[in-house]
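Participant: Once you have looked at the hints, place chain D on chain E.
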Amino acid sequence: MNDLATQLRQYVNENFLFGVETKYSDDDSFMENSIVDSTGVLELIAHLEGSYGFKVRDEDLVPENLDSINGLVQFIGRRREQPAVIS
Amino acid sequence: MCGIAGVLHLDDRQASPELLGNMIGLIRHRGPDAAELYVDRRLGFAHARLSIIDLANGRQPMQTTDGRLVITFNGEIFNYLELREALIERGHTFFTRSDTEVILHAYAEYGARCVEHFNGQWAFAIWDRLRGRLFLSRDRLGIRPLFYTQVGRTFLFASEVKALFACRDVRRELDPRGLDQLLTYWAPRAPQTLFRDVLELPPGHNLEVDGNRMQLSSYWRLDFGTRRQQSSADWCDELRELLTDATRLRLRADVPVGAYLSGGLDSSITTALAQRFTGDRLRTFSVTFDDDEFDESCYQRAVVESLGVEHQAMHCSYDDIARVFPQVVWHAEKPMLRTAPAPLQLLAELVHESGFKVVLTGEGADELLGGYDIFKEAKLRRFLASQPAASGRAALLEKLYPYLPNLQSQSVAMRQAFFRTTPGELESPFFSHLPRWNVTAQLKRLLTPEFQAEGEEGSDDPLSELAAALPRGFTSWRPFCQAQFLETEILLPGYILSSQGDRVAMTHSVEGRFPFLDYRLAELAAQIPPRLKMMGLNEKYLLKRAFRDSVPPQIFQRSKQPYRAPDAKSFFAADWQSAREPYVEELLSPERLQRAGVFQREAVQRLLVKVRCGRATGTRDNMALVAILSTQLLIDQFLENFPSPRAGTCRLPITDLPTTICSAALIR
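Protein chains in written order, with the numbering used here: chain E, 1 to 87; chain D, 1001 to 1668.
Hint data in this document are derived by calculation from the structure and do not stem from the laboratory. For glycine and all other residues, C-beta sits at the position ideal for the given N, C-alpha and C. Be a bit skeptical, because a hint or two may be false.
Here are the in silico distance ranges between beta carbons for each label pair [said to hold, decoys possible]:
no.: 1; chain 1: E; residue 1: GLN74; chain 2: D; residue 2: ASP1197; range: 52 to 58 Å
no.: 2; chain 1: E; residue 1: GLN82; chain 2: D; residue 2: ALA1395; range: 26 to 32 Å
no.: 3; chain 1: D; residue 1: ARG1382; chain 2: E; residue 2: GLY19; range: 35 to 41 Å
no.: 4; chain 1: E; residue 1: GLN82; chain 2: D; residue 2: PRO1402; range: 34 to 40 Å
no.: 5; chain 1: D; residue 1: GLU1465; chain 2: E; residue 2: ASP28; range: 23 to 29 Å
no.: 6; chain 1: E; residue 1: GLU21; chain 2: D; residue 2: GLY1152; range: 30 to 36 Å
no.: 7; chain 1: D; residue 1: PRO1402; chain 2: E; residue 2: HIS47; range: 51 to 57 Å
no.: 8; chain 1: D; residue 1: ARG1133; chain 2: E; residue 2: ASP28; range: 54 to 60 Å
no.: 9; chain 1: E; residue 1: GLU21; chain 2: D; residue 2: TYR1110; range: 55 to 61 Å
no.: 10; chain 1: D; residue 1: SER1464; chain 2: E; residue 2: GLU21; range: 36 to 42 Å
no.: 11; chain 1: D; residue 1: ASP1319; chain 2: E; residue 2: GLU59; range: 40 to 46 Å
no.: 12; chain 1: E; residue 1: SER51; chain 2: D; residue 2: GLY1458; range: 28 to 34 Å
no.: 13; chain 1: D; residue 1: GLU1602; chain 2: E; residue 2: GLU59; range: 35 to 41 Å
Pulled out of the complex, with its shape left as it was, chain E reads as follows (with noise of 0.2 Å):
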């Protein structure tokens, strides 16, 4: 498991299963799996515009970015990779 899916993971822990053991993959969808409803998509994104230094764009709500570790590994990847600049 890389750094990041493990921070990503702790701060998914603590935030939304307040450190209550809950098993899921890192594949595995938030909502599917109720781990993330529709106000903590919100406070997913402000978590990754806070601690990661970029801005969520619109076109970047999608499932597929924001619904899973993994999901959220690859766009915080691609994202580092051609930075936005909060302005």
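Facilitator: Leaving out everything else, chain D in the frame of chain E:
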């Protein structure tokens, strides 16, 4: 409206007036005007009266002149005048003008089937001295409450659970199965309650206790199986006439009747109808909030101006909610996921202080005539699932939950993901409710493993159990009707009419009356074609059409907003650092959570960290906070410190109530 309680020993012990006094003492708020007891050897009844009909002669417990039947009754039989006439024709003689006496004679005439003649809201017990049989009944839709238990050879019943706990032999323990159900369906399903061995008489049921036999039987259930064809204009006329008559009947009282006015469609219609029948200006009452997200005062003003009613608003602050919340839980007798009952308790206080005992309200319209967003959501999810690739359809999702800002700021793609249909869901009888139940059930993750395991014990698959309890023919009903049935049978009695209805109103001795819940209207609504209930995504279409001339246009044009109140914000100061009331910190402390053993203290502390950072803004975190706090309050007030000093309850024992001791043998 009143409070009732009773005891029946199944052996030779005598019913104790002291126990009866204590039982009724704990629910005196339901009937502050008088309290009386009746004791017939092993049977005892208690009654706390809120005088509404036949103020002078309606005393209870009431007996027939031959002394054979005696009743303790909470509620109203609205068609009592018509029933009285019919019974007089059959040779019955009446000595009062009360509906209570009508029940006694109807029972004498028709036996248990008397309830089929009643149009009303009731919970009562009748003791037949001749046969040594106790008969209990509860209204069709669960407006008035009734709980019972058996401990050893003693059967006890009461309007509220706390009265049962006046008997020291009744153990006061949480039932994890009750909480398990509440943390899915928002309420336990009757007869299940939050307390071990305490049962709730389900709506539409009778219970007979006869010697050692206890028989529960259903006399009515909402049935969507009958389809009737007629023009939409005819449906419209029928609905208008029936709701008008239902309102007319619900104005029968020997005290003035007021009305709640939320600013929504339903209470605007009942208010407009009531205004037609009352000679004077109708008195109306409403709640207002600081927060625009919840406040509906501009719509309330529009209705007030348009109808010319005499209106009083009660402003509810965050502090107010925190202040009364312990008392709300004491009265609701179950945890809650929202604070919404609290402002309604404050509103009942205003109504009481204004000298009113009875209010009309709009409950039931959303369930029966298709108003809720859950129906819209189910319709749309089904529509999208039928042709997932069709372009443009997903944009319709923007029409869902327009009052939830966190959802409104989502992209179409994310909305599609939220409202997706997973494989197998389309075939489920619970299609409409699965998303809500799944979201709510996530709260169970916060339970301690032991408590959670106990809650799930003996039920491997709760949904299969629920499916087995559905009426025959349910699967052949149209999906919209299935959703309506679930909402009307689970959430309506379990939360809307109890925690948010009877219990908070009766805290201040106020009786709610619900024209939309007239059983004739419920039966009509079950036959109305779904497309007339929700035309496209236009909710309560037929209702709007039937009453478009009665209510100001802005009420029709506004988007539907369900009644809600601020949750987490009500318990923490604006900077989120300090709690508004000491009990919040106290009951959510690791020590108290550990002692209660219901929720995981570490998880709750993490939730509190999030709350204190001002980041607990979502539905789920808010529900979690309210659920945990209300559960802790329930434990504090019912298990650890009973009767609750927080709720300012009465002092026990109560020994000075007028008592009829029935020692004479029955004259046959």
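Participant: With reference to the structure, classify each hint as holding or not holding.
Facilitator: A quick look at each hint next to the structure:
{"no.": "1", "hint": "GLN74/E with ASP1197/D: 52 to 58 Å", "result": "holds (55 Å)"}
{"no.": "2", "hint": "GLN82/E with ALA1395/D: 26 to 32 Å", "result": "holds (29 Å)"}
{"no.": "3", "hint": "ARG1382/D with GLY19/E: 35 to 41 Å", "result": "holds (37 Å)"}
{"no.": "4", "hint": "GLN82/E with PRO1402/D: 34 to 40 Å", "result": "holds (35 Å)"}
{"no.": "5", "hint": "GLU1465/D with ASP28/E: 23 to 29 Å", "result": "holds (28 Å)"}
{"no.": "6", "hint": "GLU21/E with GLY1152/D: 30 to 36 Å", "result": "violated (43 Å)"}
{"no.": "7", "hint": "PRO1402/D with HIS47/E: 51 to 57 Å", "result": "violated (27 Å)"}
{"no.": "8", "hint": "ARG1133/D with ASP28/E: 54 to 60 Å", "result": "holds (58 Å)"}
{"no.": "9", "hint": "GLU21/E with TYR1110/D: 55 to 61 Å", "result": "holds (59 Å)"}
{"no.": "10", "hint": "SER1464/D with GLU21/E: 36 to 42 Å", "result": "violated (27 Å)"}
{"no.": "11", "hint": "ASP1319/D with GLU59/E: 40 to 46 Å", "result": "holds (44 Å)"}
{"no.": "12", "hint": "SER51/E with GLY1458/D: 28 to 34 Å", "result": "violated (45 Å)"}
{"no.": "13", "hint": "GLU1602/D with GLU59/E: 35 to 41 Å", "result": "holds (39 Å)"}
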